[in-house]
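J.: Residue-level listing of the chains:
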Amino acid sequence: MKSKKLYILLACLIFCVFFSNSYAAGDAALYKRGEKSLRNGDINVAFSDFRLLLVSFPDSRFYKGALFAVGEYYFFTANYFDAENAFSEFVDKFDEAEEKLFALAYLLEIHRKRKNENIVTELEKEIITYTQVSLLFREFKECEFASPLLRKHKAIYFIDKVEFYVDGELLTTVFY
Amino acid sequence: MENYSRPYFTKPLLIFIAVAVAVIVSISFGVNIFLSVSKDAIASNLTQFLDTKVSVGKISYSAFNSITLRDVCLFESRLSEEPSICFGKIKSSFSLWQILTKKSLSINDIGFYDSTIQNEKMQSFLRVNGADLINLIYSLPKKDSFALYLKNLFVVFASEIGDTARISIDGEMKVEKKQISGFVLFVPGRLSFDDGTVRVDIPLTCRFTGDVKGGRVSIDNLEFKRNNTYTKLWGALEDNALRMNGFSYTSDVELLRVPAQFVFNLKDNLKTLYKQHSSAKIINRTKANFDIFDIDCLMKFNFPKVQIKKLEFSVNNIPILIKGDLTFEDSLVANLFLSSFPRQSPVLRNDNPNRFDGSLFANLRRDGFSGGVHIDLARQMAVAVSTDQLTATFKGFAFKTAQNGNTITFFKEVDLSYLTKNNKYDFLFSEFNALFNFDNEVFKAVSIASKLYDGSFDAIGRLDTRHKPLSINFDMSINGITAVKLSSLSSHFSKVEGKVYGKINYHTYPESTLSGKLHSDNGILNDFRFFQWLANSFDIPTLRRIRFDKLGIGFLINNEEMSLKNITLRSKDVGLRGYYTVRSNDLISSKLSLFLSKELLSTSPKFRPLIKILSREAFFPDFDFQLSGVSSALNFKWLDSKFKQQLRDRVPNFVERGIERKIEAIINPD
Numbered sequence: 002m003k004s005k006k007l008y009i010l011l012a013c014l015i016f017c018v019f020f021s022n023s024y025a026a027g028d029a030a031l032y033k034r035g036e037k038s039l040r041n042g043d044i045n046v047a048f049s050d051f052r053l054l055l056v057s058f059p060d061s062r063f064y065k066g067a068l069f070a071v072g073e074y075y076f077f078t079a080n081y082f083d084a085e086n087a088f089s090e091f092v093d094k095f096d097e098a099e100e101k102l103f104a105l106a107y108l109l110e111i112h113r114k115r116k117n118e119n120i121v122t123e124l125e126k127e128i129i130t131y132t133q134v135s136l137l138f139r140e141f142k143e144c145e146f147a148s149p150l151l152r153k154h155k156a157i158y159f160i161d162k163v164e165f166y167v168d169g170e171l172l173t174t175v176f177y
Numbered sequence: 192m193e194n195y196s197r198p199y200f201t202k203p204l205l206i207f208i209a210v211a212v213a214v215i216v217s218i219s220f221g222v223n224i225f226l227s228v229s230k231d232a233i234a235s236n237l238t239q240f241l242d243t244k245v246s247v248g249k250i251s252y253s254a255f256n257s258i259t260l261r262d263v264c265l266f267e268s269r270l271s272e273e274p275s276i277c278f279g280k281i282k283s284s285f286s287l288w289q290i291l292t293k294k295s296l297s298i299n300d301i302g303f304y305d306s307t308i309q310n311e312k313m314q315s316f317l318r319v320n321g322a323d324l325i326n327l328i329y330s331l332p333k334k335d336s337f338a339l340y341l342k343n344l345f346v347v348f349a350s351e352i353g354d355t356a357r358i359s360i361d362g363e364m365k366v367e368k369k370q371i372s373g374f375v376l377f378v379p380g381r382l383s384f385d386d387g388t389v390r391v392d393i394p395l396t397c398r399f400t401g402d403v404k405g406g407r408v409s410i411d412n413l414e415f416k417r418n419n420t421y422t423k424l425w426g427a428l429e430d431n432a433l434r435m436n437g438f439s440y441t442s443d444v445e446l447l448r449v450p451a452q453f454v455f456n457l458k459d460n461l462k463t464l465y466k467q468h469s470s471a472k473i474i475n476r477t478k479a480n481f482d483i484f485d486i487d488c489l490m491k492f493n494f495p496k497v498q499i500k501k502l503e504f505s506v507n508n509i510p511i512l513i514k515g516d517l518t519f520e521d522s523l524v525a526n527l528f529l530s531s532f533p534r535q536s537p538v539l540r541n542d543n544p545n546r547f548d549g550s551l552f553a554n555l556r557r558d559g560f561s562g563g564v565h566i567d568l569a570r571q572m573a574v575a576v577s578t579d580q581l582t583a584t585f586k587g588f589a590f591k592t593a594q595n596g597n598t599i600t601f602f603k604e605v606d607l608s609y610l611t612k613n614n615k616y617d618f619l620f621s622e623f624n625a626l627f628n629f630d631n632e633v634f635k636a637v638s639i640a641s642k643l644y645d646g647s648f649d650a651i652g653r654l655d656t657r658h659k660p661l662s663i664n665f666d667m668s669i670n671g672i673t674a675v676k677l678s679s680l681s682s683h684f685s686k687v688e689g690k691v692y693g694k695i696n697y698h699t700y701p702e703s704t705l706s707g708k709l710h711s712d713n714g715i716l717n718d719f720r721f722f723q724w725l726a727n728s729f730d731i732p733t734l735r736r737i738r739f740d741k742l743g744i745g746f747l748i749n750n751e752e753m754s755l756k757n758i759t760l761r762s763k764d765v766g767l768r769g770y771y772t773v774r775s776n777d778l779i780s781s782k783l784s785l786f787l788s789k790e791l792l793s794t795s796p797k798f799r800p801l802i803k804i805l806s807r808e809a810f811f812p813d814f815d816f817q818l819s820g821v822s823s824a825l826n827f828k829w830l831d832s833k834f835k836q837q838l839r840d841r842v843p844n845f846v847e848r849g850i851e852r853k854i855e856a857i858i859n860p861d
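Going down the list, the protein sequences come from chains A and B.
Using the working numbering, you'd call the opening residue of the first sequence number 2 and step up by one each time.
Using the working numbering, you'd call the opening residue of the second sequence number 192 and step up by one each time.
The hints are simulated quantities; they were obtained by calculation from the structure and are not laboratory data.
Because the structure is a prediction, the values reported are computed rather than measured.
Just so you know, nobody snuck in bad clues.
Each computed SDA-like pair below joins lysine to any residue, with the alpha-carbon atoms no more than 20 Å apart:
| hint | chain 1 | residue 1 | chain 2 | residue 2 |
| --- | --- | --- | --- | --- |
| 1 | B | K789 | B | S728 |
| 2 | A | K126 | B | S780 |
| 3 | B | K833 | A | F138 |
Let the sequences and hints guide you as you build the complete structure.
T.: Here is the structure:
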């Protein structure tokens, strides 16, 4: 009797471990598959994997990266409605993330296109106050970030403006 | 053929005339003697009739039916010693037929001539006897016909400070079979103390028609005309309540003269009206018209109190309501409340930028006129409408005439307070003189000279009536005011020990803007926020209290920004120049040039490395820097200069980065 109970307990333990590993293997596998597709130049397939990850694994540690990637994809395919939703969710959920600054930049550009003056003003102020700079001998301060879609993002803080670049191309500028 | 009858009839005629004249003279002589002897009895009867003490100087009779009383004085009560109102001459005619046939005295008309009344005493008299006077007015039209005349009647307003104002009143009122009609001409003027001349102002004409039935006086037509201003009212007085409706307008169109008998002779007067209308011409149409329509007034008289239950009207399409009361006791006390758009729903009214609410209280005493005004003003902001409050209390109001005929008003003291959503501004003026010039139809001007705290304040203001809301422009100068007393204007003033001088401009069109330049010499700057931060960050405690030779700033405040320009601070060890702007989105833009002497820097352990580097320099250069961002987390940049380049050439890169990290740690300790 005693040994029967022990076996049942062991089986449950093995099942839990297997399940959690399967779960982990699921979201990680999706994310890695997406990265692999990107390296192969297949951005659409990568987008599908990232989107599936968001839907299937909302508590995943890869959620943040996938969310940013999905937002990027929507933005560069001019789907501004879904891009806004993705980046807004990113800003709300990941307040401390270093990528938040760039999510704000995407949101700013979307609302500038839509000419939503009030929201543009709020976003500009949030970007301006995101970091404090002191430029003694430097002319500017830079922040860099490589996105999940393998795009190089750069923010350059001057004393009177902030410039955002994606892969060397100017995305948006905030003057103050 | 000769006319022999002429000498026959002439002689008896002459005899008859002589006898008649003798009789009339005898009767007049006899009546006059009788009246002289009975003067006191007549005065006593008048006292009885009016229920107040009356004295009569002289009474005389003129054939056939008129009596003249001279130097007649009315007292406030039967026991008063000093007269309230004195008339030079009162002349009355009576019905001789009534006396001969019915042995009763029936007055046909009464006239008041050549009289001067002090306003103060008249008010006091009305206070006590006002109700009786109204009853007297009610009783007059019981006669079939009656007339009242006023000629050369002067009401004098004594002033503490200068010329005496007075109003001359001439008029007449006729009652004919219960119908009342008449006119009054008011001519204001100034009696100069210096040369005794009288300066006459534009007269005000009043015409009225009405009737009395039972206890009700119907006012069919009551018109006022002064220059280009015309007012027409109609209503009724019943049970001590006055109800009136009407309108008023000011225009350049030559005004139509509405005949006094308009209501009663419609057909003929329509023809006259048409003729006058077709000949009217527009002289010079301006937009400076004040049109008051839909006047609706209800007042209740309950002496010594007069209640204004409601006075509603619209002025230039803005509806206004006034309520309140006037009390005639030892002093005249007024409590009035006014508001615009009174019938608008609270929700809509709250967002209406043209709404205002105000109250006025005033007290006219022997020593002057004191009181206060409170106004709640709506102001259109970027997102919503906010309410500002203006409160002014004043003491010792008086007025006099300037040499050019304009009116100077004077206040012994004015306490002015202006409250906005975020700030409260207080000012205490004394010996406040304001000269008003309303001659121009479009531009109304005021010049002000006053003491403000321990200094002086001068201003020239102009109101442009073409714009709605009205456009105001004020140019002001302040001289020698202790800075800390201006703390309500800005908390920065509390950091300055010294006197402030400067010029300020405020205008409301096209948008509300306050700008100007202020300076102070040979003073002290205490704990100014920027120097406080420098003192704490770089360990230089003497920066908390800077003795300066000159401190000056220009400033500009409007809906978009608040900026300090041309900042200048000069002292032995500290200098500051530049500008500092805060925009409506709270973002800051600033460029400043800071000078700190070698002696001052050497007191700071953090600057010793720099001192060593620059020890061979003859004088220390300025630090030019730029600020941006929000005040709680300012971005900082040291601007390029020859000195900065020299420093960079002397120090290696790793030292540069070390200095940067240290400065960053000071500026951004988080």
